[in-house]
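> Letter by letter, the chains look like this.
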Amino acid sequence: MTTMQRLLQLPVNAVNMVKTVQSQVQGQEEAKSPVLTPDGAQQTWYNALQPDELRHLRSSSGTGGGGGGSGDQEERATLEEGGGGGGGSFQTQPLRHDDLKEMLDSNKDSLKLEAMKRIVAMIARGKNASDLFPAVVKNVACKNIEVKKLVYVYLVRYAEEQQDLALLSISTFQRGLKDPNQLIRASALRVLSSIRVTIIVPIMMLAIKEAASDMSPYVRKTAAHAIPKLYSLDPEQKDQLIEVIEKLLADKTTLVAGSVVMAFEEVCPERIDLIHKNYRKLCNLLIDVEEWGQVVIINMLTRYARTQFLNPNINESLLEEGGGGDKKFYASDEDEDEDEEKDKKAEAVTMAKRKPYVMDPDHRLLLRNTKPLLQSRNAAVVMAVAQLYFHLAPKAEVGVIAKALVRLLRSHSEVQYVVLQNVATMTIKRRGMFEPYLKSFYIRSTDPTQIKILKLEVLTNLANETNISTILREFQTYIKSMDKDFVAATIQAIGRCATNIGEVRDTCLNGLVQLLSNRDELVVAESVVVIKKLLQMQPEKHSDIIKHMAKLTDNIQVPMARASILWLIGEYCEHVPKIAPDVLRKMAKSFTNEEDIVKLQIINLAAKLYLTNSKQTKLLTQYVLNLAKYDQNYDIRDRARFIRQLIVPTEKSGALSKYAKKLFLALKPAPVLESPFKDRDHFQLGSLSHLLNAKAGGYQELPDWPEAAPDPSVRNVEVKESVPEWTKCSSREKRKEKKVEKPFYSDSEGESGATESADSESDSASGSESGSEDSRSGSESDESKEASESEEEEEEDLKTKKNKEKPLKKPVQESESEQSSEEEVRKPERKSKQSKSDSESESESESESESSESESEDSEDSEPELKKKKKGAPSKPAFKATKKDNKKEKKEMSLLDLDDFEPAPSPQVTPVNSFLSNSLVTDLEGLSLSDSALMPATIAPSSALKSYELLHRITGEGLSVEYCFSRQPFITDANMVAVQVHFTNNSTSDTKSLHMEDVKLQSGMRVKEFPEIELLPAGETATAVMGIDFCDSTQTANFQLCTHTRKFFVSIQPPVGELMRPFFMTENEFKKEQGQLMGMNEITEKLILDVKCRNEHAIVQKVTTAANLSRVPCGSDKECRFAGRTVTSSSLVLVTVATKDQGAAQLTVNCEKMVIGTMLVKDILLALTQ
Amino acid sequence: MIHSLFLINASGDIFLEKHWKSVVSRSVCDYFFEAQERASEPENVPPVIPTPHHYLISVLRHRIYFVAVIQSEVPPLFVIEFLHRVVDTFQDYFGVCTEAAIKDNVVVVYELLEEMLDNGFPLATESNILKELIKPPTILRTMVNTITGLLMLLPLRHSPLRTRNPRLLDDVSFHPCVRFKRWEAERILSFIPPDGNFRLLSYHVSSQNLVAIPVYVKHNITFREGSSQGRFDLTLGPKQTMGKVVESVLVSSQLPRGVLNANLNPSQGTYTFDPVTKLLSWDVGKINPQKLPSLKGTMSLQAGASKPDENPTFNIQFKIQQMAISGLKVNRLDMYGEKYKPFKGIKYMTKAGKFQVRT
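Chains A and B are the protein sequences, given in the same order.
Straight run, no breaks: the first sequence in my numbering ends on number 1945.
Straight run, no breaks: the second sequence in my numbering ends on number 380.
What the hints contain is simulated information worked out from the structure, not anything from laboratory work.
In this text, a Cβ means the ideal position worked out from N, Cα and C, and glycines have one as well.
Hints are all accurate, no fakes.
Stretch-level coverage of chain A by chain B, calculated; a stretch enters the list once three of its residues show a Cβ under 8 Å from a Cβ in chain B:
hint, region
1, 892-900
2, 923-929
3, 1003-1016
4, 1142-1153
5, 1171-1184
6, 1191-1197
7, 1215-1226
Please take these sequences and the hints and turn them into a complete structure.
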């Protein structure tokens, strides 16, 4: 390099430029390879290189064979020198970038970071930093996350300008897409899709498709975001993208819902048919979707509802029409197209007769589920719901939005501005709605003028006979304001009130006339204009006002006002016969100095006077017309010529002049002072188009209600949605991820549980039935059949395992059908049943999840044997275990979520990353927690729980009592174990006032008694929950169970496994904690596993049945880890089961409480060996 | 949705720009500057400005215009609400949202904007999520880290809050962390608090529950026709404050244009009058019920001019500690899922919002 430099005698910076260009050249060569052959050898070669090596490579190639390149460069360098003009500017500019380049090339991350920060600051300031592209882009693979982030920022900004070089980075992102950390996958996809380079469209498409099937909802969300990006880059991809959208629309997570609907709106808003199947789910998810997504979904659903449901106000509007309540309607149409009108009416009447309006339950669902969002803190959400109600709700229900919209008026002025625009439109159609809030629209002197004027508009729209006096008094105050634009608007508002409300017309007119003596000319002028309009309504009564105004011509200079006065005098010259000619005289004098609109009115006045009073005004008129003839303005010249021909009879003038008087002095209709917001509601409220009163690009028209409702059954959803997979899973890693993904899907399905209420029949049908209904390919329906089989198998499996346990395990189907009937009951008495139905719906969701899980399992089974051996066996139990956990700990939703979102952790994930990912996802996902998480006290049918006898039927004289540990946190005291007590009255007489007495406890223990059961009729059962703090010991709690007649001594002793609750941790945390609980705290036992539980699934099931622990995700097949904390002291309990060959295994329990540890070891040992 | 964002200061410099799709030239801001020139006051710039190819939606906060560039239909409130959220985030990160703070932290600002929008659609707007992705400037950093750590360990934390008189609340809006169903059914606010400060609930007291305004104003402002003098007499007094002190009282008023100067005498505090803007402001401090604060004196008017016909309005700001004027009380606060004994406390405060007295 140095030799060449000397040779060419180039300045230092030029050498650096050589580097640049060479890297560019090289970049182009490399660029093609990753694109065309993503798995090609070239790419790996590039990937394998560290940035440093790359630099070495480049510099050596520069010295070796860079002849052509440097020659090029020479030319460019000199060119630049010439272009720079002076040496000074040339020196400083590239020099600064030089040091940046140097820093970027250095080995130190801190230097790189500093350089990147400076570059980003340049970009932020709008400075061009594109010449640094090659130096920056090679850091795309930098290990330092901070540097990397900034490189991404840079890349996205400049990739479009430096397409070829940008391709260099693609392979990094492709690798990122396969990263085990979901955040890295997501960010790779995000940056990749933001690079606006057409050549990578196929890569983006592939990446989006894969990400749409990713296990992480966050990645799927990113995929949804990427869709519109790709669409804007290449609209040709629309069809393929719609497929992805369709798939993502079926996603059941709240995280994805908003983003995919946004993609839908941008790519294919016309494909309303894609929404049908997802409609109910979207309605039900809505409240848990993040705010921005809510806005998009609500707006889309408004449009959807307009196409699918009937107008809820159809009967009302009929009534109005029929009863003649809407007179205007008749008046306007009567003369013109009476026939058509009749037809229309007849049709509507027959329709109403044929079918009284019944709201579609789905329509109701939407209204019901959006209503709570009126209480959102986000103004955009509130507005979205408000417009939904305005456009979709029955008139009687729209009122609820008023309060929320009024609340928004206390927000920032920009928010007020938009809200007031919409309120103004609404007040025209639904005035009554805002009337109670009249005072909220009073104007503060500190409001910005634009807000004042909008409030004025609303106040005017709200004015009616009853409140007009209040409003006028308020207006009176406004007129004194110092803000003259506002005063002018107030005067106009008074004028409008006067025209709309006959009673106050005279009052207003008098008030306005008083304003004519105001000192501010603008006020006077505005008053004149408004008075003119008012006078037109009843001129004969107000000749004195006209006289008064005639005098004003001497003073008022505002052209509009002068023109108005002149018009008034001309129009009503008969009322002021003496003054009018005098005014014309004055005007003729000043004609040449007047503004154009005034000139036109002078001509007008002259013509009218000429026609009524030609004797006095003939000469004046001729004079004025002569002046006008030579005016500069052609309008005025034209007008003069026209009028002369019309009013001055000549031979040529012909027939028209006879009618001149009729033409000029015809009775003119009084102006209607209308709100500028009238009829704006044909735009969807809340939209940009509505605000501008003009169609904005991309605006989707709000369709009219259909005449007849389309088939509502399109929204029915089959129980099983077999999601088509995009990618054939070829690698092992992929498969693993997918399996973990399933529980996630199925779990969140629960959220949409209530949706299925309307089609309970199809719901309760078994999987196989729905499979055959499924219109998809045969293979898929086969799959679901298999699924139902496997489900049954599993059931049996469970039964055999639990043959010792008495209780009540309902078959899945039964509980499901019960659920649906339950739901029908629920609707009318929703509130009272709230808590119960909540738990019920959960049970349904669970059974659903079960089926979909077994489905996935099944499809897995059909994979080749080889894979099954390698992979299937260990991982299949893994998620079954999660499911079991679900069942037992369904109340601990957040714990569950954590379980589900933990991606199959891989050893190379650094602790920091996993920390980040977990907490992020839980935070995001925490939003989707169902409400039931809050009601741990509710009773869920817990089929998997082991029951113990408290009181035998015979000892209890017909009363039998069982208890089980529900494994839910006890709501009133977190340190208590919840015990669910189940009473059955087997006797023939009623049992009354069941309660507890005389509780005898070991020291430290506490009991929270169950509420008294007042009546247990014969043959009935009842369930109650009590809480016991066992102080982390297996001591018994003794007490008396009393009825109204008898007392029974009973006792409850907990198995050690129930003294703990699941605790979520990652593998790394587990190991760390385990490391601190060694020695005395660690108990290890060797065992031979029972034949039946030699797979992971069985182990997990056995352990979690024996103890209330949660599974810790683990990378190895050979180890199962569980974690929990004791209920009272929150001591950690860690359990490890390591399996070896031939069913040999090792059980390790780490627990601070040695007694608990020892007992737990015994229990688990027993569970695993029997 | 949102194409680009420009930050413009009071003197009309674009000091930051960010693009989420392809780059929009900053010349698009010329339309904004035009509108700005047309507007008499800074806050009178229309929030939505149509231009031939774009729409500009802007908010004004802390004397900075945040101008978003839109290319197609989008609910304007969506953008406005988002821009306000951006400002709130900056405030949260840097303590203040000034031009200097933004310039000092330009890289963090840029990264925040990058995370908050993806392709113009909001991605992460919650402060706790953002703080995990982007570290706030150093002082806050350590503190935030410990807090996030806590949340991680205790995902079950939720706190029902019981309010005593729910009928009082006419209209409420919630932070998304509140479980709405629980509120509807039992009037209990149950929520998992996000990190940091946040507004859990805002409420409006219905007009049926007449809330006594804790301050009254006696005024006597007269201009005599013909004389170039006006009398000014203003007295403040407390009303139904249950023994609590009304403090940080600040009275401001825009006097009529005809007023040349004011020669006033405050019984306490200090007053200023700007003869150019005609803005009178009186920093009163505390109101002592025994000795009511007053501001008396004369105003000089333009000689020969007739008396102004407008009456000034008074904007009054005040604070009352340990009292909620609405009568709202928190009944109890329970916390679940935490193993430590939390310090529970509640602080009531009444603060005047937009309180105006017309004369």
